[in-house]
Amino acid sequence: MGNATNLAQIVLLNVILVAVLATIALSTTTFVKVYKGNNRPSSKVAKSIPSTVFHYNNGPVPPNSSLAVAYAQLSDLFLSMINISVNPCNDFYAFTCGNYDNPAGMSFDQLDYRNMRIMAEKINDPAYRDSPLPKPVKQLFDYFETCKDAFSAWTSITKDATYVKSKLQMFQAATELSFPLLQQDATDPTMPNGTTLATAIGYLNGVLQTPTFLSFGIDTNWKDPQSTQGYMLMIDHATLTFPVSYYLKAWDFIKVGYRDRIMIWMNQLAPSLNQTKLGQDVDDMMRLERRFVTDLITDATTRRKFARSFNRYTRQQAEAQYPFIDWHAYLKRISTYADVSIQARILQDDFEFIIMEPVMLAKLGSYLSSDQFTARTIINYFNYRIIDTFGSFMPPIWGAVYEKVEVRRPGVERPRLIRRRPTMKFLTTQLDLACAASTVDAMQYANARVFIDAMYPTPNDRLAIRRNFGHLMDSVIAGFRSMIDELKWMSSKSKSSLAETLKTDFERCLNNELFRSCMHRFRIHFLTENKTDRPYDEIKMGLGGSFQPELNSITLPAGILQKPYYDENWPTSINYGGLALVAAHELTHGFDDEGVQWNGMGALEHWMTNISSIGFYEMAACVVDEYNGFCPLAGTGKEPSCINGEQTQGENIADNGGIHAAWIGYQTHMALDGPDPQLPDPIFSQFTHDQLFFMSFAHVWCRMSPSDDALYRQIITDPHSPSTYRVFGTIQNFPAFRAAFNCPAGVPYSPLQHCSVWMPKEVP
Numbered sequence: 002m003g004n005a006t007n008l009a010q011i012v013l014l015n016v017i018l019v020a021v022l023a024t025i026a027l028s029t030t031t032f033v034k035v036y037k038g039n040n041r042p043s044s045k046v047a048k049s050i051p052s053t054v055f056h057y058n059n060g061p062v063p064p065n066s067s068l069a070v071a072y073a074q075l076s077d078l079f080l081s082m083i084n085i086s087v088n089p090c091n092d093f094y095a096f097t098c099g100n101y102d103n104p105a106g107m108s109f110d111q112l113d114y115r116n117m118r119i120m121a122e123k124i125n126d127p128a129y130r131d132s133p134l135p136k137p138v139k140q141l142f143d144y145f146e147t148c149k150d151a152f153s154a155w156t157s158i159t160k161d162a163t164y165v166k167s168k169l170q171m172f173q174a175a176t177e178l179s180f181p182l183l184q185q186d187a188t189d190p191t192m193p194n195g196t197t198l199a200t201a202i203g204y205l206n207g208v209l210q211t212p213t214f215l216s217f218g219i220d221t222n223w224k225d226p227q228s229t230q231g232y233m234l235m236i237d238h239a240t241l242t243f244p245v246s247y248y249l250k251a252w253d254f255i256k257v258g259y260r261d262r263i264m265i266w267m268n269q270l271a272p273s274l275n276q277t278k279l280g281q282d283v284d285d286m287m288r289l290e291r292r293f294v295t296d297l298i299t300d301a302t303t304r305r306k307f308a309r310s311f312n313r314y315t316r317q318q319a320e321a322q323y324p325f326i327d328w329h330a331y332l333k334r335i336s337t338y339a340d341v342s343i344q345a346r347i348l349q350d351d352f353e354f355i356i357m358e359p360v361m362l363a364k365l366g367s368y369l370s371s372d373q374f375t376a377r378t379i380i381n382y383f384n385y386r387i388i389d390t391f392g393s394f395m396p397p398i399w400g401a402v403y404e405k406v407e408v409r410r411p412g413v414e415r416p417r418l419i420r421r422r423p424t425m426k427f428l429t430t431q432l433d434l435a436c437a438a439s440t441v442d443a444m445q446y447a448n449a450r451v452f453i454d455a456m457y458p459t460p461n462d463r464l465a466i467r468r469n470f471g472h473l474m475d476s477v478i479a480g481f482r483s484m485i486d487e488l489k490w491m492s493s494k495s496k497s498s499l500a501e502t503l504k505t506d507f508e509r510c511l512n513n514e515l516f517r518s519c520m521h522r523f524r525i526h527f528l529t530e531n532k533t534d535r536p537y538d539e540i541k542m543g544l545g546g547s548f549q550p551e552l553n554s555i556t557l558p559a560g561i562l563q564k565p566y567y568d569e570n571w572p573t574s575i576n577y578g579g580l581a582l583v584a585a586h587e588l589t590h591g592f593d594d595e596g597v598q599w600n601g602m603g604a605l606e607h608w609m610t611n612i613s614s615i616g617f618y619e620m621a622a623c624v625v626d627e628y629n630g631f632c633p634l635a636g637t638g639k640e641p642s643c644i645n646g647e648q649t650q651g652e653n654i655a656d657n658g659g660i661h662a663a664w665i666g667y668q669t670h671m672a673l674d675g676p677d678p679q680l681p682d683p684i685f686s687q688f689t690h691d692q693l694f695f696m697s698f699a700h701v702w703c704r705m706s707p708s709d710d711a712l713y714r715q716i717i718t719d720p721h722s723p724s725t726y727r728v729f730g731t732i733q734n735f736p737a738f739r740a741a742f743n744c745p746a747g748v749p750y751s752p753l754q755h756c757s758v759w760m761p762k763e764v765p
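In the working numbering, the protein residues as written are 2 to 765.
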């Protein structure tokens, strides 16, 4: 660890990695408009604003200033959303977002389109195509053209489900299993033996990207990432069609459409099926999934404790304890695409891997041996899951191409700040955008190279963003560290351990040579690494940042380092309330209920003292209880009607801690450099920069009011709170908002009692 290196540099280096390695998600609309003369949008806002607004002595930006255009754009952006008639102390979300009327979604969604357009335009640039570029980028161009040809003929390509049928045939040839559901006159199959079962489960996951009864992933050696086995194969319990929360909380909402889709697919594959018998088979498969959820999958709250999931086994030990699986056959199939030398290592008797849920694995063996599920249902389910994986290649249903719901893989993968929107959305707009979106997953590193060449075409451009963003992150890191120093419930020993987590040095990944080498490093190859050398084995897509505790790494995609979250010519208050807060949110994930289980080297370690742990969990419990009381669907008849504070606690803690760190960083910057000019608008020139900081934060979450059904889906499945409550919960816990807007104590956004998240309770 270098003495001068801290997590700000980690973030910064990851930004540049995402600049050269990371993929970025993307956009058709220009988010910020510049209005001139009579084209300025009309406003119903008052000519003066409530008495809660203070004034600084510094005036508006001069019209001839180099900042004038950027400041005018910012004023227009806020003017398009704000509802000045609302008292910010009573409903700050409605105050900031009350006139927001963009049906495209939140600012993340709009920037998604813009970035996609940037990507597509760069790919289509003849001069860029003819320039010296690495082979993977040239291959991306070929992929892009092939993709457009395919999407332009998608209806004819998918009308007979030929591609899906080929995948079913591959599976059936590899396992010698049939598809009883489509062969209704055949005799029911017998239960597969251990070798056939292992071959089927392994082939589905390793070859067809379809995890079923077992799932696997590659992650660091959680307990000792610097050891001779720095990475581990992680074998987990079942992965189903949907995330588990869908079955537990949304089943009544999804089951009819789910069943109808399976029925339609099967009739597309085999017309003239007996519908009664088909319906019985489909119902049996759906019951199997529900049984897995209730009996064979550990609940999400329990799984937030990672140490319980780190259980080392050799193949011989696994065979002795779980004999219903032929482990040699399973490991061979999941490593099908590995190099021969790597597969040979995996198949050695003493090769160690992790079984994350040994109790559930034993229970699965018991269920299979006691005929809890029939062979017909199991084999039908394996085949059906192939169809679901490749469902976008089935003929469209209800006028839409199928896009599978994302299910998290084994390990410590976190939900994104904002979930990526599906690729297929672009099919109704532009083929260029659809295929640019497709490269995000299909060729992520080459995709990132193209995007960065578009955004930061020269070395000076890259140095500038590193310098500017690095200064911002220095302040955020210092702000978070100062928060910790003030905590009375955290011991000195725990504070010292936490400080180490903020100082880990990371490998740089800045040049084309390393870019090319990274192209050939697949996750399973990490099993041969002697130690965790900070490779970027998982690049998070989209616009939201991500935190990887097992690497002690924060990644911010380059796609978010732009308006409406950041502009080098915008006021400090806006940049800190926008981009810095997003970064601070991810930083705080390192110290939420999951992040505190890892030390500064990314090792699973309980570094908090008992006293500190008590203080931390009291803080977390306050957040859970607080958000449990937010009930967006009260009175609608829908149950649950309230946010699940346990389900959303990690994101809520990150929101609350993040705004504190960003605020302190902003205040430090202002103390050193002084306040910026006011905005050049009759309304917005009346706002202080402290107020603009909070408005910038709320603006991130502005969206048109969702339907009750959309809210219901979110509160039962999403680890993030709805937008209104992300703002409400965070602001009401932060007394600095009360001071900025001169709010009386006891109003909704300035309550007398609130949670103190990573802040001492006595802070006024």
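You may find that some hints are simply not true.
Stated by the list, open to error - DSSO-like, lysine-lysine: derived pairs with alpha carbons at most 30 Å apart:
| # | residue 1 | residue 2 |
| --- | --- | --- |
| 1 | K166 | K364 |
| 2 | K139 | K224 |
| 3 | K224 | K639 |
| 4 | K224 | K166 |
| 5 | K166 | K250 |
| 6 | K166 | K405 |
| 7 | K405 | K123 |
| 8 | K333 | K364 |
| 9 | K149 | K168 |
| 10 | K494 | K250 |
| 11 | K123 | K149 |
| 12 | K123 | K136 |
| 13 | K278 | K256 |
| 14 | K149 | K136 |
| 15 | K166 | K306 |
| 16 | K278 | K250 |
| 17 | K364 | K224 |
| 18 | K168 | K306 |
| 19 | K149 | K160 |
| 20 | K166 | K149 |
| 21 | K278 | K149 |
| 22 | K306 | K149 |
| 23 | K149 | K494 |
| 24 | K224 | K405 |
| 25 | K166 | K123 |
| 26 | K136 | K256 |
| 27 | K496 | K762 |
| 28 | K306 | K405 |
| 29 | K494 | K224 |
| 30 | K333 | K256 |
| 31 | K160 | K489 |
| 32 | K139 | K149 |
| 33 | K168 | K278 |
| 34 | K168 | K224 |
| 35 | K278 | K160 |
| 36 | K364 | K256 |
| 37 | K139 | K123 |
Claimed, not checked - Estimated spans, in silico, between C-beta atoms of each pair:
| # | residue 1 | residue 2 | range |
| --- | --- | --- | --- |
| 38 | N312 | A465 | 43 to 53 Å |
| 39 | R346 | F325 | 17 to 27 Å |
| 40 | T156 | R309 | 26 to 36 Å |
Since the hints were made in silico from the structure, they are not lab data.
For glycine and all other residues, C-beta sits at the position ideal for the given N, C-alpha and C.
Does the structure keep K123 and K136 at a Cα separation of 30 Å or less? At roughly 16 Å apart (the allowed maximum being 30 Å), K136 and K123 satisfy the hint.
Given the proposed pairing of K166 with K250, does the C-alpha separation stay at or below 30 Å? Since the Cα atoms of K166 and K250 sit roughly 33 Å apart, the hinted pair is violated (cutoff 30 Å).
Check whether the Cα positions of K160 and K489 lie no farther apart than 30 Å. violated (65 Å)
Taken at face value, is the distance from the CA of K250 to the CA of K494 at most 30 Å? violated (42 Å)
Sort out whether K149 lies within 30 Å of K306, counting only the CA atoms. Given that 30 Å is the threshold and the Cα spacing comes to 45 Å, the pair is violated.
Would the pair K333 and K256 pass a check requiring their Cα atoms to be no farther apart than 30 Å? violated (36 Å)
Hinted pair K364 and K224, Cα distance within 30 Å: holds (26 Å)
CA of K496 to CA of K762, is that 30 Å or under? Measuring from Cα to Cα gives roughly 17 Å; hence the hint holds.
Straight-line Cα separation of K306 and K405 no greater than 30 Å? Status holds; Cα separation ~28 Å.
Holds or violated: are the alpha carbons of K123 and K149 at most 30 Å from each other? With a Cα-Cα distance of about 16 Å, the restraint between K123 and K149 holds, given a limit of 30 Å.
For the pair we were handed, K166 and K123, check the Cα-Cα distance against 30 Å. violated (36 Å)
Do the alpha carbons of K224 and K166 lie within 30 Å of each other, as the hint requires? Answer violated: K224 to K166 is near 43 Å, above 30 Å.
Of the hints listed earlier, those the structure fails to meet are numbers 1, 2, 3, 4, 5, 10, 15, 18, 21, 22, 23, 24, 25, 26, 30, 31, 34 and 40, in rising order.
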